[in-house]
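The hints should help you fit chain W onto chain H, whose structure is shown.
For reference, the chains in residue letters:
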Amino acid sequence: MAQTQLKDSDFEPLYVDENEAEKIAGESNSYWKDAWRRFKKNKLALSGVVVIILLGIMSFIGGPISGHNYFENDLLSANKQPSAEHWFGTDNLGRDIFARTWYGAKISLFIGLMAALIDLIVGIIWGSIAGFFGGKVDEYMMRVADILYGVPYLLVVILLMVILPQGLWTLIIAMTITGWINMARIVRGQVMQLKSEEYVLASQSLGASNVRLLFKHLVPNTMGPILVTLTLTIPTAIFTEAFLSFLGLGVPAPLASWGTMSSDALASFQYFPFQLFFPAFFICLTMLAFNVIGDGMRDALDPKER
Amino acid sequence: MARYLLKRLVYIVVSLFLIVTITFFLMQAAPGGPFASEKKLTPAIEAQMNEAYGLDEPLHVQYMNYVVNAFSFDFGPSFKYVGQDVTDIIARSFPYSLILGLEAIFIALSIGVLLGVVAAVKHNKFGDYTAMVIAVLGISVPSFIMATILQYIFAIKLGALPVGRFDTFWHSILPAVALATTPLAFIARLMRSSMLEVLNSDYIKTAKSKGMSQKVVTYKHGLRNAILPVVSYLGPLVVSILTGSFIIESIFGIPGLGSEFVQSVTNRDYTVIMGTTVFFSVLLLISILIVDLLYGLVDPRIKVTGKGGKS
Chain H
1 MAQTQLKDSD
11 FEPLYVDENE
21 AEKIAGESNS
31 YWKDAWRRFK
41 KNKLALSGVV
51 VIILLGIMSF
61 IGGPISGHNY
71 FENDLLSANK
81 QPSAEHWFGT
91 DNLGRDIFAR
101 TWYGAKISLF
111 IGLMAALIDL
121 IVGIIWGSIA
131 GFFGGKVDEY
141 MMRVADILYG
151 VPYLLVVILL
161 MVILPQGLWT
171 LIIAMTITGW
181 INMARIVRGQ
191 VMQLKSEEYV
201 LASQSLGASN
211 VRLLFKHLVP
221 NTMGPILVTL
231 TLTIPTAIFT
241 EAFLSFLGLG
251 VPAPLASWGT
261 MSSDALASFQ
271 YFPFQLFFPA
281 FFICLTMLAF
291 NVIGDGMRDA
301 LDPKER
Chain W
1 MARYLLKRLV
11 YIVVSLFLIV
21 TITFFLMQAA
31 PGGPFASEKK
41 LTPAIEAQMN
51 EAYGLDEPLH
61 VQYMNYVVNA
71 FSFDFGPSFK
81 YVGQDVTDII
91 ARSFPYSLIL
101 GLEAIFIALS
111 IGVLLGVVAA
121 VKHNKFGDYT
131 AMVIAVLGIS
141 VPSFIMATIL
151 QYIFAIKLGA
161 LPVGRFDTFW
171 HSILPAVALA
181 TTPLAFIARL
191 MRSSMLEVLN
201 SDYIKTAKSK
211 GMSQKVVTYK
221 HGLRNAILPV
231 VSYLGPLVVS
241 ILTGSFIIES
251 IFGIPGLGSE
261 FVQSVTNRDY
271 TVIMGTTVFF
281 SVLLLISILI
291 VDLLYGLVDP
301 RIKVTGKGGK
311 S
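Chains as they are written, first to last, in UniProt numbering: chain H, 1 to 306; chain W, 1 to 311.
The following block holds chain H by itself, in its conformation from the complex (with noise of 0.2 Å):
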């Protein structure tokens, strides 16, 4: 059995260098670093990104490159099959489909991130005023909202479609009426866990105002749930825009959307599938696409998961 021989020099102090041992071996990294290297990681988030891009860039540049627009219109070529003159066919009334595609996914893609955007706004100013002050300013005001959440969402929005004349920005406010209320609930939950935490206090024994303390502490420590809410938010705003498109109550024509363009091939179905196939696959690919986004954004985000 060989045994270690020990000397006495192994019971002397290692020499310690002060400066040495303050030093930080890694390079520090922030929330948002971290979140971005376990981002990366998610194959499938990131591909939800690039096809995020490539619809982006289609929306803009898919009308000029096909050669038709998304309105002019050809009897004689009417509900054509894909072929080298129209990539996607046409449709009943001889409009390039695959022109129409891209037009609407600017549509679909603005709607959906203009009601995102419009919710995050209101939907932080609401929650963030009501977690912070909380008792009875957080009362009435959650109960406004309480109150706006009993009240079922499609059902709204398809009475303001009714009474609102018809288009684009109608669309959203309609969309974003009751739609911030998720957001705002996310938000007041968030500000009133953190506010109790010793940075907002030492903030405000330094003097800092309210505005401040919201705007510069507390929302963006808020932000990682927010942007997954956000995230979350567009495909339903995109799903809710072709829903209303298929009752007749989306956008009007000429403006095309995949709504409208599903719910114009859905009577002819049985004949000319692929007028219904493309609108409704890019929509379930957008709705995909966002999804895995929001999901791998959660896995990223979240505490836990560290």
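Rather than coming from a laboratory, the hints here were simulated on the basis of the structure.
Straight-line C-alpha distance at most 27 Å; calculated BS3-like pairs for lysine-lysine:
id, chain 1, residue 1, chain 2, residue 2
1, W, 122, W, 215
2, W, 125, H, 40
3, H, 41, W, 122
4, H, 136, W, 7
5, H, 106, H, 43
6, H, 33, H, 216
7, W, 125, H, 41
Just chain W, lined up with the frame of chain H:
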């Protein structure tokens, strides 16, 4: 408990009152009256019609009448279909929607929970990936596209199931499946993540180390606790089934409340719109209340008190 219930009921009444008020004034502001049609009515007839339906009274009187009627669940006659009361229309069409909705809820719950459990137990294995692909597809494919795909495959190509209408159980399968797809996918994902969390918790390890079989641990110890988020999803589930029914019923030609609502919107049949909106809202608010109470019942950690209920 009683206080909590009372408080919730008061909120429901306030919400309903608000909904009734909003619908009333929105409908007043809507362009195009109920008697607007291609054929212009003579002023005399229009005045008579307005009088018959009480539309000649000042707005606040109309509003008061309407609120009183709404709370006694009397929405007056339909403007479009002569001789039919809104209450009759709801009573006639609701059973169809109820059957369809219950069937869809059953499908969504049973298959959703099953998929979620399979995914969690077979974490990062083939079963997990399959279940999650189904779930992500289910969320990404809107119900109206799903409905068309189902009709195309099962009704037109295979001829196995009827395309539309609602007579027998076989007629209800396709619409129920189409209606259930999105909530099913949501439930599967919820179930998977909560099951994963539960399966990693200490008491599951304890149960396993005491030598219990995988089956007992998963279904007796795990499932019971993991199903809680699904219970809290029941409220939104009812909402999504209800609103989904607007489109699904229209596509499949089912004479349910959803298609009735869509029709009343296109017809600008004000009384029917208001009646169905109020009816839907009552249904939703009450089912959400039931879900909240149920949640307190199944999860003893949640205390249902007068202070709580801020979901």
